[in-house]
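Spelled out, the chains give:
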Amino acid sequence: MSASTLIRAGAPQGAQPAERYLLAAEAWARLPAALLAEPGLALLALWAEPGMVHAAFLEEASAAVLLASAPAEGGRYAALSPVRPGAIRFERMIRDLWGLTAEDAVDLRPWLDHGRWELAGPMSGQPAALPGAEAPQPAFLPVEGEGIHQIPVGPIHAGVIEPGHFRFHVQGEVVVRLEARLGYAHKGTLSLMLGKPARAAAAFAARLSGDSTVAHGWAFAAAVEAALGVAVPPRAVALRGVMAELERVHNHLNDWGFICNDAAFAFPHARCGYLREGVLRACAAAFGHRLMMDRVLPGGVAPDIAAGGAAAILAALDAVEAEMPALLRIYDSHSSLQDRMVGTGFLDPDHAARFAAGGFVGRGSGRGFDARLRPGYAPYDWLLPTIAVETGGDVDARVRVRVAELAASIGIVRRLLADLPAGETLAPLPALAGEGSALIEGFRGECFAWLRLDESGVIRGLFLRDPSWLQWPLLEAAIAGNIVADFPLCNKSFNCSYSGVDL
Amino acid sequence: MLWPRLARALVGRPLTDPAPALSQPTIAALGERLAATARARLGRSLSIREIDSGSCNGCELEVNALQNVAYDLERFGLRFVASPKHADVLLVTGPACRNMAEAMERALACTPEPRWVVAAGDCAVDGGVFKGSYAVHGGVGAVLPVDLLIPGCPPSPEQLLEGLLALLEAEAPPRRATP
Ligand code: SF4
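First to last, the protein sequences are chains A and B. Each residue of the first sequence is one higher than the last, beginning at 1 in full-length UniProt numbering. Each residue of the second sequence is one higher than the last, beginning at 1 in full-length UniProt numbering.
Just chain B, with the same shape it has in the complex (with noise of 0.2 Å):
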């Protein structure tokens, strides 16, 4: 049942987009935050973990989402890990919740260093509709230091994916400046 469906997989058209196109402003002032010796040390590929920092769900079915085959990260060389101690990339949706900070700092120090925190979702970003609650610190950048906002309520895959190319483009050796 499932031999000849995958055989035809192997011959039929890639199911996978074309990759997004990226900002340079955003690639450049990442780039910026990179030394050099970080840069030689990451390569030219991520492995991210994502970490749930109190979201509504929304923001996991959309990180999910990018890890269909509509996507492939795989291609780029980035891949889901299952422990930060493996990470080179905190992927850090919510508003930050009080009841989730030791754990977000726990996980913080776990990560090797050279490390990116992306925060992802509006909620990430400042806290979003959750901003001045008793309950949140409003914003993954309240708890962690943030090198990446990708706003958006869930952010699309497509959103989520520039964002983690334009972190891999920051680690590309630099071009030349052109005139």
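Pulled out of the complex, with its shape left as it was, chain A reads as follows (with noise of 0.2 Å):
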């Protein structure tokens, strides 16, 4: 039996708007097998509950996710990391945050936990007391060979970046293996969420990872809709489309100057960071705030866009788009900057596939997905943006999908802005119990969000997952035979969410 029909065999639990499937735990630990044998069911989220797990699979032909879950008996349940690398590190956390072992599993070590919260398993739902105990020594995998030496790196960095922990193992200037080690920005957000009502708990969806608070946002929000049947108001798809997309351009902008930095070529950046902030003001005119935290709420969108605000994103819009040709000129004319950029932190396309890896690391991969066009959501389904795709798989390939997106988010920006629609932009809330899930495309990749509330609009479990899951294992696998000096450049190029994944 496939697995997509193996889980669709399950129980089916009333999830909108992709259903959720309950297995027998006999039924999951068959999973790894038909999983094997299914490469085209890609995996995008593992995560649990008290005494129960549940994944995310897209079904890459026809863009269907597909939800299943499963008891975990004793406390255990069936790894599929040993058919799906990316879920090496869902279940390092599942464990971490649930206290559930994936039997089989590739890697078990700690990831999240650290040893320092002093109690284990947060959201096991009976927590064990741990007060006052050692943080143990991080283990990292081994690497042998003649002349191999590490380098220790972080967690807090040389640059104005996310804390994390790098241990490279090289041999000369080469990177043998480079291993991270996250979750030191683990704030605890999942379980600040529950038992909070969904307008509450949106503030925190906003702060998984600030630069994606809009795609977060939208994505939580979007999920909360699907599973209280909410229609939210045209105007406010189309706003959310507005934001989505200028969260797109500051990003990318701010993302190309800092490469081209990290190359030692202070030009773009400049010139970046100054449009940027044009972006940026823009927005606060628009929507009173620079980075428009908070302004996705579940429902719609508050505030309305304020009087004066779609001119001022114009003419924000309309600086970048006049200086990209001559920023990108200068991009592709100095030998000193392509030398950097072109063949450096080269990723395989089978890798990208393999992990279902989103965004411009998937796009500049060959992997062609996108979340606003498959399965798509409005105001995408009649937009239809054309999607950048590269195959060259280095720093190059990911920078020319983001600068070939930067154009594609003017003009959607522009088309949106030019028919907004009137009336009003946030739909009151029913108290309804309910179970859905988004996929939104931020700037990073797909943003995934799934979540169940109770009878009176209360979270009584939920998941947000951040593309940079399953991108940030690829950046090892990038930057293996690279110099050590390369690793700035090629880490840029990736830029992984760290507090996104740290939870």
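For the record, the hints were derived by calculation from the structure and aren't laboratory data. Quick caveat: nothing in here was measured; it's all calculated off a predicted structure. Heads up, the beta-carbon is just placed ideally off N, CA and C, and yes, glycines get one too. Do not take every clue at face value.
Stated by the list, open to error - Computed beta-carbon distance windows for the label pairs:
id	chain 1	residue 1	chain 2	residue 2	range
1	B	Leu-6	A	Ala-378	43 to 51 Å
2	B	Glu-113	A	Phe-140	45 to 53 Å
3	B	Glu-32	A	Glu-455	15 to 23 Å
4	A	Arg-76	B	Pro-151	18 to 26 Å
5	B	Pro-112	A	Pro-428	56 to 64 Å
6	B	Glu-32	A	Ala-200	38 to 46 Å
7	B	Pro-151	A	Asp-419	54 to 62 Å
8	A	Ala-302	B	Phe-76	36 to 44 Å
9	B	Gly-132	A	Glu-455	20 to 28 Å
10	A	Glu-118	B	Pro-112	49 to 57 Å
Claimed, not checked - Some residues of chain B that are not near chain A, with every Cβ distance over 10 Å (derived):
id	residue
11	Arg-5
12	Ala-7
13	Gly-12
14	Leu-15
15	Arg-33
16	Leu-34
17	Ala-38
18	Gly-43
19	Val-69
20	Ala-135
21	Asp-147
Relying on the hints, combine the two individually framed chains into one complex.
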């Protein structure tokens, strides 16, 4: 039996719009073998609730999302990591947060839990208190060979970036293996959201990863709306599209500049920074917040776009568009810059496909997935954005995807603002029980949200998955064989979120 | 391609915004925290080391934006440095995650005195929305001795600049009291 048939044979639980099927533990145990035979069923996320494990899959051919669950009898469930390498870090997280163990897992070292919370299994329903426990030394994967030495970096880095530890094993100048150890920014976000009404919990989704505040806010809101069967006012749908594309623009500008700066080429950095500042100021004028935090709410958008906001946005985007050709010519025509970008940090398209990497990481390595088109959602169902795909797999390919997306996003914002529907921007939420999920394309890739509400509209089960979950492990693959000095460049070309995966 | 643009920039109008106005009570309060010897050693410039104690990265975006040409920090004598060993200021964002506490303490131990610790952003001020979580201490002050709080979620580059300039002003020789 194929994996998707096996899942669909489970008991449907009434989740919207993607159904969730409850499998017996014995059926779940047959999943790994079935998944091995069905490579087109990509793992999007793996998470848990007390005593229960959940997985989200994407049928690559139809872009249908499929949710599966099974009881973790005796605190154990069958690991998916032997057949889906993207599952490794999820399984480590599930053990740390919910205390459930994946049987036959590839890796069971702790991940988010560094031994400093003074409790074990914070989301397991009965966390064990561990006052004054010693934090254990982390164990890194061994590397053998002549002349290998280690370079430890972080959690505090030289630049203004998020905290994380990188352990390089190097031979001379060349990286033999990079292993990231994350979790430093673990804030207990999911557990803070449980027990809160949807509107109150939205502030946490907006702060899962500040650079994707609109995208995660939208994914969370869309999951709530799906669970409750709420229709979002057309004006709010269009404004969400405007904000999401502005978020894409400001992040792509930021990273393009920083990537050039990491190759010691300061001019594009200065110009991109200035153009981005113009976009952020326009966002503040239009939506009252430079990053547009807390503007997307379950039920719609609030407050409405300010008078004069559209004009400010269009002026800022005109400035970006006017300068892009010159910036691109400079990027293309300086061999010192091209020498650092082309061929650096090569991500094998096979790896990108195996991990179902989204965003510019996937699209720079030939995986053309973009949630705006497939599965698709309003307002992109009529905007039908063109999707940029490169096959080079290197830093340059990821930059080129982003430059193409910059131009496309500017066009989308113009179309949305030219014909903004009139009317309300926020629909009321009924106090109902329900279960919903959503897939929203942020600047990094698809943000997945799943949640279950009880009769009083309070969140009882929840997971928010940043696209970085499936991109971080690929950075480790892309850097192998490069020189240590190119790590900042490779890292910035991926620009994975730390906070987004540290939860 | 690049040279004509650079040449044009030389004769063009600067892109930089004017400096913000500062709060005198804040400057006075900071000045009181600073011994005269420290004032002499810090002088009229500050090297800043940013530390993320587990933020959502929104604060980092604005700290980075502060370094763009619209704010032009170097004109004030402010610059970001790569190591706490070179820093006069630790600019700390985030709610002081438990997983970051040891790294924060080590960074402080590496920072030579006299020094300032600035908690930037609502999370750094008191934990912000993450207050009460098992995973955070709730505010940078729970781990490090904080001299200045800059609220905001995230604080805008302008708010950050105001705070940093207040530190610089506090280091200036005390003015004669105006009647
Ligand atoms: S203050 Fe706001 S922007 Fe800054 S880290 Fe906290 S939640 Fe993020």
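To test your reading of the hints: which numbers does this structure violate? 2, 3, 4, 7, 10, 11, 14, 19, 20
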